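Going by our numbering, the sequence shown wraps up at 1114, each residue one higher than the last.
Note that these hints are calculated values from the structure, not bench results.
This one's a predicted model, so the numbers in the text were calculated from it and none came from an experiment.
You may find that some hints are simply not true.
To be verified - Below are the SDA-like pairs computed for lysine to any residue, each with C-alpha atoms no more than 20 Å apart in a straight line:
#1 K1098 x T1062
#2 K1039 x N1088
#3 K1043 x P1018
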Amino acid sequence: MQEDPDQKKSEQQQSKPQLPDTSPETNNPHRRLGMKMIVAMWVIVIGMLTMFFQSWQEKQYNPNQSAVISSDDGQGELVLQRNRYGHYVASGYINQQPVVFLLDTGASDISVPEVLAQKIGLKRGRAMQYQTANGMITVYATRLEEVDLGGLVLNQVRASINPNMQSNEVLLGMSFLKHLEFTQRGDTLTLRQY
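Given only the sequences and the hints, what does the whole structure look like? Please build it.
If you want it as structure tokens, here you go:
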């Protein structure tokens, strides 16, 4: 019986120990550096895309992040854009601390979430019962020294601290809005101070 030469060659190759690849392509330090640079570039690109989409998403929720009062005739007005959910959301300040307002003409007062109230140093006043869409809740009276919405500033505004609110938005209710004239047209809300 004759041995097949191909089979013998194959058996010899299988019995040899595998040595590490020492070809110039894998041991070249420039090639390794190039691969590290490519990986670093992709990490940077993914990070930048993440930041871009986060910023875009925030802009979709709050298109009025830098809303500023304008004045042509000596009477200031603030024009807000409705967000993609149909609400008017705008950045502003309570006692010179940055907040995000959600305008709510159905709310009597400015309603501040308790967690946010603690951060900006608001004091709880007397307990009050409020009727909401979810039933009766207990809130605590407070007074805001200054409320600033895009340059429309009011002082000594009645508000409430709401321990039941889970979001960080402040409901900007009628205790602030009743001092303004507002007009809604299409997707814009124009506010003017009396």
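Against the structure, the hints:
no. : hint          : verdict
1   : K1098 x T1062 : holds (18 Å)
2   : K1039 x N1088 : holds (11 Å)
3   : K1043 x P1018 : holds (18 Å)
Violated hints are absent here; each numbered hint is respected by the structure.
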